[in-house]
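Input sequences plus hints: build the corresponding full structure.
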Amino acid sequence: MADGDPVIELCEVHKIYPDAQRERTVLRGINATFRGGEFVAILGRSGSGKSTLLNLLGGIDLPSGGDIRFNGLSISNLDERRRTLFRREHVGFVFQFFNLIPTLTVFENLLFTLDLNGVDRARAQCRVEQLLSQLGLSDRGDSFPDRLSGGEQQRIAVARAVAHRPSLVLADEPTGNLDRDTEQEVLTLLRAMPKRDHTTVIAATHSPEVASCADRIVHLQDGTLNDAN
Amino acid sequence: MILARISMRNLIRHPWQSVLSIVGIALGVAVVIAIDLTNDSARRAFKLSNQMVAGQATHHIIGGPTGLNEILYRDLRVDHGIRDMWPVVEGRVRLPDHGDQRFSVIGVDPFAQTTHSAIYRSTRDLSPTELLSVRNAALLAQDTARRLGLSVPSELRVRGAGGRHRLRVTATVQSDSALEGQALRTVVITDISTAQVITGNVGRLTRIDLELTDPTAVARVRGLLPPDTELASSASRGNALQQMTRAFEVNLTALSLLALVVGMFLIYNTMTVSVLQRHAQIATLRTLGVGNRELFTSVTGEALTLGVLGVLAGIGLGIALSHQLLALVAQTINDLYFRLEITQVSISALSLAKGIALGIGATVVAALAPALEASRVPPQITYTRSGQETAARSSVGRLARFAIVPCTVAAALLLLPGGSLFAGFAGLFFAIFGFALLAPALLLLIVRLTHPWLSRALGLVGRMAGRGVTESLSRTRVTVAALAIAVSATVGVGIMITSFRTTVEHWLVNYLRADLYVSAAGSATGVDPNLIRRVSQLPGVKSITTARWTKLDGAGGRTQLFVLDAQAKAFENFQFKHGNAASAWPRFKAGDAVIVSEPYAYHHRRGVRDRVVLRTDSGAREFEVAGVFYDYGSDRGVVAMHRDTYRRHWADPAISSFAVYLDADIDVDRFAATLQDGVLKDSELTLRSNRQLRALSMEIFDRTFAVTNVLRVLTVVIAVIGIFSALMSIQLERGREFAVLRANGFTPRQLWALVTTETGLLGFAAGVLALPLGLFLALALIFIINRRSFGWTMQVWLTPEHFVLGVTLAVAAGLLAGLYPALRLARTPPSFALRHE
Ligand SMILES: Nc1ncnc2c1ncn2[C@@H]1O[C@H](COP(=O)(O)OP(=O)(O)OP(=O)(O)O)[C@@H](O)[C@H]1O
Ligand SMILES: [Mg+2]
Numbered sequence: 066m067a068d069g070d071p072v073i074e075l076c077e078v079h080k081i082y083p084d085a086q087r088e089r090t091v092l093r094g095i096n097a098t099f100r101g102g103e104f105v106a107i108l109g110r111s112g113s114g115k116s117t118l119l120n121l122l123g124g125i126d127l128p129s130g131g132d133i134r135f136n137g138l139s140i141s142n143l144d145e146r147r148r149t150l151f152r153r154e155h156v157g158f159v160f161q162f163f164n165l166i167p168t169l170t171v172f173e174n175l176l177f178t179l180d181l182n183g184v185d186r187a188r189a190q191c192r193v194e195q196l197l198s199q200l201g202l203s204d205r206g207d208s209f210p211d212r213l214s215g216g217e218q219q220r221i222a223v224a225r226a227v228a229h230r231p232s233l234v235l236a237d238e239p240t241g242n243l244d245r246d247t248e249q250e251v252l253t254l255l256r257a258m259p260k261r262d263h264t265t266v267i268a269a270t271h272s273p274e275v276a277s278c279a280d281r282i283v284h285l286q287d288g289t290l291n292d293a294n
Numbered sequence: 004m005i006l007a008r009i010s011m012r013n014l015i016r017h018p019w020q021s022v023l024s025i026v027g028i029a030l031g032v033a034v035v036i037a038i039d040l041t042n043d044s045a046r047r048a049f050k051l052s053n054q055m056v057a058g059q060a061t062h063h064i065i066g067g068p069t070g071l072n073e074i075l076y077r078d079l080r081v082d083h084g085i086r087d088m089w090p091v092v093e094g095r096v097r098l099p100d101h102g103d104q105r106f107s108v109i110g111v112d113p114f115a116q117t118t119h120s121a122i123y124r125s126t127r128d129l130s131p132t133e134l135l136s137v138r139n140a141a142l143l144a145q146d147t148a149r150r151l152g153l154s155v156p157s158e159l160r161v162r163g164a165g166g167r168h169r170l171r172v173t174a175t176v177q178s179d180s181a182l183e184g185q186a187l188r189t190v191v192i193t194d195i196s197t198a199q200v201i202t203g204n205v206g207r208l209t210r211i212d213l214e215l216t217d218p219t220a221v222a223r224v225r226g227l228l229p230p231d232t233e234l235a236s237s238a239s240r241g242n243a244l245q246q247m248t249r250a251f252e253v254n255l256t257a258l259s260l261l262a263l264v265v266g267m268f269l270i271y272n273t274m275t276v277s278v279l280q281r282h283a284q285i286a287t288l289r290t291l292g293v294g295n296r297e298l299f300t301s302v303t304g305e306a307l308t309l310g311v312l313g314v315l316a317g318i319g320l321g322i323a324l325s326h327q328l329l330a331l332v333a334q335t336i337n338d339l340y341f342r343l344e345i346t347q348v349s350i351s352a353l354s355l356a357k358g359i360a361l362g363i364g365a366t367v368v369a370a371l372a373p374a375l376e377a378s379r380v381p382p383q384i385t386y387t388r389s390g391q392e393t394a395a396r397s398s399v400g401r402l403a404r405f406a407i408v409p410c411t412v413a414a415a416l417l418l419l420p421g422g423s424l425f426a427g428f429a430g431l432f433f434a435i436f437g438f439a440l441l442a443p444a445l446l447l448l449i450v451r452l453t454h455p456w457l458s459r460a461l462g463l464v465g466r467m468a469g470r471g472v473t474e475s476l477s478r479t480r481v482t483v484a485a486l487a488i489a490v491s492a493t494v495g496v497g498i499m500i501t502s503f504r505t506t507v508e509h510w511l512v513n514y515l516r517a518d519l520y521v522s523a524a525g526s527a528t529g530v531d532p533n534l535i536r537r538v539s540q541l542p543g544v545k546s547i548t549t550a551r552w553t554k555l556d557g558a559g560g561r562t563q564l565f566v567l568d569a570q571a572k573a574f575e576n577f578q579f580k581h582g583n584a585a586s587a588w589p590r591f592k593a594g595d596a597v598i599v600s601e602p603y604a605y606h607h608r609r610g611v612r613d614r615v616v617l618r619t620d621s622g623a624r625e626f627e628v629a630g631v632f633y634d635y636g637s638d639r640g641v642v643a644m645h646r647d648t649y650r651r652h653w654a655d656p657a658i659s660s661f662a663v664y665l666d667a668d669i670d671v672d673r674f675a676a677t678l679q680d681g682v683l684k685d686s687e688l689t690l691r692s693n694r695q696l697r698a699l700s701m702e703i704f705d706r707t708f709a710v711t712n713v714l715r716v717l718t719v720v721i722a723v724i725g726i727f728s729a730l731m732s733i734q735l736e737r738g739r740e741f742a743v744l745r746a747n748g749f750t751p752r753q754l755w756a757l758v759t760t761e762t763g764l765l766g767f768a769a770g771v772l773a774l775p776l777g778l779f780l781a782l783a784l785i786f787i788i789n790r791r792s793f794g795w796t797m798q799v800w801l802t803p804e805h806f807v808l809g810v811t812l813a814v815a816a817g818l819l820a821g822l823y824p825a826l827r828l829a830r831t832p833p834s835f836a837l838r839h840e
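One line per chain: the protein sequences are Z and C, in this order. For reference, each letter of the first sequence is one residue, going 66 to 294 in the working numbering. For reference, each letter of the second sequence is one residue, going 4 to 840 in the working numbering.
Careful, some of the hints might be misleading.
[Stated by the list, open to error] What follows is a set of in silico ranges between Cβ atoms, one per label pair, in the way DEER data are often shown:
#: 1; chain 1: Z; residue 1: 199; chain 2: C; residue 2: 400; range: 50 to 56 Å
#: 2; chain 1: C; residue 1: 463; chain 2: Z; residue 2: 273; range: 42 to 48 Å
#: 3; chain 1: C; residue 1: 747; chain 2: Z; residue 2: 274; range: 31 to 37 Å
#: 4; chain 1: C; residue 1: 400; chain 2: Z; residue 2: 274; range: 22 to 28 Å
#: 5; chain 1: C; residue 1: 747; chain 2: Z; residue 2: 201; range: 35 to 41 Å
#: 6; chain 1: Z; residue 1: 154; chain 2: C; residue 2: 367; range: 27 to 33 Å
#: 7; chain 1: C; residue 1: 319; chain 2: Z; residue 2: 199; range: 35 to 41 Å
#: 8; chain 1: Z; residue 1: 199; chain 2: C; residue 2: 747; range: 48 to 54 Å
#: 9; chain 1: Z; residue 1: 76; chain 2: C; residue 2: 458; range: 53 to 59 Å
#: 10; chain 1: C; residue 1: 458; chain 2: Z; residue 2: 198; range: 55 to 61 Å
#: 11; chain 1: C; residue 1: 367; chain 2: Z; residue 2: 76; range: 57 to 63 Å
[To be verified] Reference listing, derived: stretches of chain C covered by chain Z, where coverage requires no fewer than 3 residues with Cβ under 8 Å from a Cβ of chain Z:
#: 12; region: 287-294
#: 13; region: 700-714
For the record, the hints were derived by calculation from the structure and aren't laboratory data. As the structure is a computational prediction, the values presented were derived from the model and not from experiment. Where is the CB? At the ideal position from N, CA and C, for every residue including glycine.
Next up, the structure:
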């Protein structure tokens, strides 16, 4: 896929959560296009619906109305099983917490998505070694995640998100609990690693640092998405 | 695949939890396998000992209480030319020179020349004269001779119903297999006439075995038989005999399944808690594109790993346990049903396969719910523990309402008239399931009720403990239900045994009214009537009643006959369920009527004014039932008849025992001593006082329940292990929460108090919940299972001990389970727990 082609298109996307008494409309008519290789930062106040939107984009959750198209394929019409396969193949996630599987070593964590996608073992191991050396963590492959610092864990999480060369990386406050220097390290990776494969990155964040390195910034406000200026 | 690696590491990361689950399922499987092996070994031993003599016999000619006239055999063989036939004399002897061991004596006809029975086959290498050339010649199995230290030839003294005799062991025989060897272990083989003399049955045969292959031959033989005999097919006779122990076996099997169900709750518990604790991890896997089916499979796989390891351990354990149980079961069979030599556990592949299948099946069923739970975890990272708890709490009402379904099924199975024993047990298991669904609601109620009390007694810690239980409801409800069920099982079975025991004790007090009982151990000629006359003439003797115990074999099974020569007064010792002593007596004494025991009435569906058919010397004859009496001596039931009636229909003057009633002013012990040293001197009779006989009866009763008690204890052990592991994992999971408490100034001691109060409270709740369920189980066992198994009426005796024990057990398990996490948490510096989460 060439840079600049639309990868994801949102058309009048609504999300309504049924709450205890009344319904809560979080997204009310989102229209947007995300292109191949671009890094987009979504800003918005806490509770504005950033995570909700990322979940819809990744096929984790379904919109209450409207349509989400991925390379022309409507993912809002896919059943649970297909959405799972869609995620497995096309999406990488980076969250603030719980990114890594605690019972797998760092190496195995990176191997995991490749394994799920049926990449053969030799090639997969080669890829993991390459990723680890890019991170400068080649010697930590056999460690379990709880032995790593928060920053190291997030760097591994970024590597895992791109390991199987997905078209889309979704990052939900990827640097939420990191200090400024560490945040910078992770951000560099998050910018550089997907770029090689023309992967689109969409990051929800409160952090001005993240926003400042984005190609494009959008604001989520009152349930709608607006380009900054 | 890496997913499998995750599963395995999960198991290894919680080693004690995994190991305890394995132990739990292993014990459950072991109990099931052990009981099945034991039952199966008993069945095989029965079959073999049957076949040992009967061999390939298709039919038996059986007679009355004293067997058959041997003339019949000669007539059939000589006059009617029937050849595939061999006579059998069987009886019991004791070996006075060898610790008074019990042996069977089996008489064979050396000229029958059949190879169809193991006994006959074992003698095939000997010439017919080997038995006949020497007077009182006897054969022993080679192993038996070695065990008794007897060489060939040597002398063997035996004591039977026909008195003391000296036999000559002229040869040893060899069995074809180990199992056959077991059947021959305590057997002395002689010729027919020697056996007749030893057993006091001169001129009589126990039966004649025949091999009749075509129906015309069967009809022909049947036509030749005199009226006091009957031709029964081997299959129906064997079945009828085996039926006797069936209810006993079924009850043991059901108890063993209960142990497995408790083990199953353990797996369920472990897997459920483990899935709940891994919610975040599972959500991550889901976002990465792991499908719900794969998650389902991997959780099931984890459970299966535990299950398979447990089953493997359970097989070995089960075989070991069966060796322990065999002696207990053999004892009961010999006490209650028939004499049977069972010393070998025969390990049948089928028993093992059943155990394995049940163990694995139970594991898969137990893993179903947690595996579904795992597969339903949404791929959202916005995971909150409180979400789980909200879901758990909101499902409390739903579960409780759904409980109506299994409870209705249970009620139908238990209460619909005419239900089978199997339906009864199925009903019990449904009821337990329904209770498990109600347990969370009841748990909340108990916590609410104890809350004011706890907060007054322990202040802040007390209040927090109560909240801790309800706030981890997703975990605690499972654990409490499992513990409650396990404890209720022991409470229920305990109440049942106590009720049964007390009922029997009370019955014995009424039933055994005489002061002394004298009985002849053997059966044939029994007590000498002259001796009875002499006793009756002793000063101080008010009256004497005699009794004759005998059994009538027939194609339809075996009837236990109790013949008594009682006065109207002694007749009143019977406690009637239907009819009464006053109206039954005249017909019983003079009118050819019988009274039957409650189990007999139940098994044969007979009531007052119905008729029972018995084969008399002059052929089958109907007897009217004048009453149904309570009797706990035989679970198949007895038919009691007056001696006059008996003598009118059977030519059998023998008396098995007599009871002596003394004048009120006589010292019973002194009288017994003079009787023993006087009239009874040199006789083979056993004298027992009323107290001794009662004690002996209770001893047999307790022996009967020895297996039950072993199973009960094992079930409790499984439950305690389960609870221990579940409560521990619940507490250990809360490291972070406790670290926050510590960081905010909670002392280690307070933390310790909090954790143990919480687990203690859970134990207490389970104990309290176990009481109504235990009572229900007891009532179901007493009024439904026992009725459908044996037909007995039991009074319910509720003593506080079982309830107290149940609650104590549960609280103790709870406190114990809190100890380790409390110690560990109190020692951990808060910073460590806060960081490593
Ligand atoms: N499963 C749900 N059920 C009901 N309401 C929900 C659910 N998930 C989110 N919400 C609500 O939707 C709104 C948006 O939530 P979301 O998590 O998307 O916000 P956010 O922008 O990511 O906030 P933050 O910056 O704090 O992460 C919130 O008001 C939240 O309470
Ligand atoms: Mg968010």
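Going through the hints against the structure:
At roughly 54 Å, the beta-carbon separation of residue 199 of chain Z and residue 400 of chain C lies within the given 50 to 56 Å, and the hint holds. The hinted range of 42 to 48 Å is satisfied by residue 463 of chain C and residue 273 of chain Z, whose Cβ atoms lie roughly 44 Å apart. Separation of residue 747 of chain C from residue 274 of chain Z is about 33 Å and conforms to the stated range, judged on CB atoms against 31 to 37 Å. Range check, residue 400 of chain C to residue 274 of chain Z: Cβ separation about 49 Å, and the 22 to 28 Å hint is violated.
The beta-carbon spacing between residue 747 of chain C and residue 201 of chain Z, approximately 39 Å, falls within the hinted interval of 35 to 41 Å. Between residue 154 of chain Z and residue 367 of chain C the CB atoms are about 32 Å apart, so this pair conforms to the stated range of 27 to 33 Å. Look at residue 319 of chain C against residue 199 of chain Z: about 53 Å separates their beta carbons, and that is not inside 35 to 41 Å. A beta carbon spacing of about 43 Å between residue 199 of chain Z and residue 747 of chain C contradicts the range 48 to 54 Å that was offered as a hint.
Range check, residue 76 of chain Z to residue 458 of chain C: about 57 Å between beta-carbon atoms, so the 53 to 59 Å window is met. Checked against the hint of 55 to 61 Å, the pair residue 458 of chain C and residue 198 of chain Z passes, with Cβ atoms roughly 59 Å apart. The hinted window of 57 to 63 Å between residue 367 of chain C and residue 76 of chain Z is violated, with their beta carbons roughly 46 Å apart. Counting residues of the region 287-294 of chain C whose C-beta lies closer than 8 Å to any C-beta of chain Z gives 8; at least three are required, and the coverage claim holds.
Coverage of the region 700-714 of chain C by chain Z is violated in this model, with 0 residues showing a Cβ closer than 8 Å to a Cβ of that chain against a need of three.
When each numbered hint is compared with the structure, violations occur for hints 4, 7, 8, 11 and 13.
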